[in-house]
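K.L.:
Here's the letter readout for the chains.
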Amino acid sequence: MRRRREVAIIGIGQTRVGEHWDKSIKQLAAEAILAALKDAKIDRVDTLYVGNALSGELAFQEHLGAAIADFAGLRPIEALKVEAAGASGAAALRLGYLAVAGGLADFVLVCGVEKVTDSPAEKVISALSLSIDGEYEREMGLSFVALNALIMRRYMHEFGYELKDFANFSVNAHKNAVNNPHAMFRNPITEKAFVEARMVVEPINLLDSSPVADGAAALVLCPMDMARDFSARPVRIASSVVATDTLALHDRKDPLFLEAAYLSAKRAYEIAGIKPEDIDLFELNDSFTIMAALSLEAAGFAEKGKGVKLAMDGEIAIDGRIPISTMGGLKARGNPLGATGVYQVAEAVLQLRYEAGPNQVKDAHWALVQSIGGTGGTAVTHILEGPD
Amino acid sequence: MSLPAVWRTRKQRYALMGEICKKCGVKIFPPRDVCPECSKPAQTPYSFSGKGVVYSFATVYQAPEEFEEYAPYTVAIVKLEEGPMVTAQLTDVDPEEVKIGMPVEMVTRKLYEEGKGGVIHYGYKFRPCIE
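Chains Z and X, in that order, give the protein sequences. For the first sequence, position 185 (counting from the first letter as 1) is numbered 185 according to our numbering, and the numbering increases by one without interruption. For the second sequence, position 95 (counting from the first letter as 1) is numbered 1095 according to our numbering, and the numbering increases by one without interruption.
If we strip away everything but chain Z, and leave its shape as in the complex, we get:
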């Protein structure tokens, strides 16, 4: 491979995830962007990449690159929108990384944003399923949740788990969100509440699912050799990898294995020159608990069928063997779809800068961040390294 520049994250910004009735998609994005620029102590960038999944469908605004650059006072810079379902934000970071690593831009803003509350709930539920196969999944009455439920049922059948065995994924996420001022649900939940929650698509219930909501987060990137001028604790992007899998779940040889997540994590470890046991925390996709379990397996933290066991044994806690969802995850921080991937990275940066408050993972140095689009059709993996 040709020579590439090392890339650093020198600024982060987040809005609280929730129902922002009083703010437009442009206002949410601008709020996160201004916070990130302030954190990086700069006022101009060369390029803006916007990660967003459903603005045309739910917020009645496309052409988001120009819309947000204009509104946030960045005109006339290069600005484009990137879409990869629930991995849109992470995909935007991937493009930002390419621009800086390739030497084509020095300062890049990556903004993930989603505005869902401008549309009624039924429309949001339908729109969520636009990431699944339209002709052979959606047309048959399947939804995004239903496909996850099919995976979960088969997993329970093959490996002998019950619903309650998945509880700790949600319990852990809610516990961690209590200390995150940007989280949507800052209330702890119990295993009992999890097991008794209303069914959405059996076996997936309300407390198994992440809440879809409004939010925006932003990152500022620059070459590593300039980073110290702007940040006392710049975070290095050690690897950035995207892989794809079949769009439809039924086309996979093994629907219980996230092939794209596995391949992108494997390549990311190789590029960073580290192994799963070096990772101090893992911000993964816990849109449903089954996705968290499969992500732990795909990224090398558990053998096939043992991902749930890690949660049951408490190994996913802040002081466990592999802390996940350290600021609440998709489950309790909330899941603003196209913004989620950027929140995940911003939270990992907080951990690596030792700014995670009561949720700080001790001596955090390597963070693995993985975003998943649809049921696993896209997987974006980043490995971040904290300063020494």
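I should point out that these hints are in silico values taken from the structure, not numbers from a laboratory. Where a beta carbon is used, it is the ideal one built from N, C-alpha and C, also for glycine. Warning: the hint list may mix true and false statements.
Claimed, not checked - Over 10 Å on every C-beta distance to chain Z, these chain X residues come out as not near it, computed from the model:
1. C1024
2. D1033
3. C1038
4. T1044
5. P1045
6. S1047
7. Y1070
8. D1092
9. E1097
10. M1102
11. V1107
12. K1116
As the list claims (entries may be wrong) - Calculated lysine to aspartate or glutamate pairs in the DMTMM-like style (CA-CA distance at most 20 Å, straight line):
13. X:K1027 x Z:E162
14. X:K1116 x Z:E162
15. X:K1110 x Z:E135
16. X:K1079 x Z:E158
17. X:K1027 x X:E1069
18. Z:K253 x X:E1069
19. Z:K123 x X:E1082
20. X:K1099 x Z:E162
21. X:K1011 x X:E1082
Given chain Z's structure and the hints, the job is docking chain X onto it.
P.N.:
Below, chain X alone, put in the same frame as chain Z:
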């Protein structure tokens, strides 16, 4: 799904028409014109028997808009006897009696209507095999 898309996929929806790859012999459903195994063009039609077993199933309580009036209903991934898997609703069965591994067969049923008096979408569902 749009009407042109329904028309385009009629052979798949009404007759489980897929494809076979002449190069490596793999049978493909839904058809995709490029073999998922060897990446060669695979456009020779192949009609599936419609027999298979339930690989997984789930009961939908919160349904997409077009399907709300039918909830709760049971969806499944069915492994066809020729190899591929297909996603569909189960029909003519008590949801409590559905089990992984249960033999099922394809039938043609109404999927949903486009609003009151709108176009009716038909397609495949699967029911327990009648011996």
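K.L.:
Output the numbers, in ascending order, of every earlier hint that fails for this structure.
P.N.:
The structure conflicts with hints 7, 13, 14, 17, 18, 19, although it agrees with all the remaining ones.
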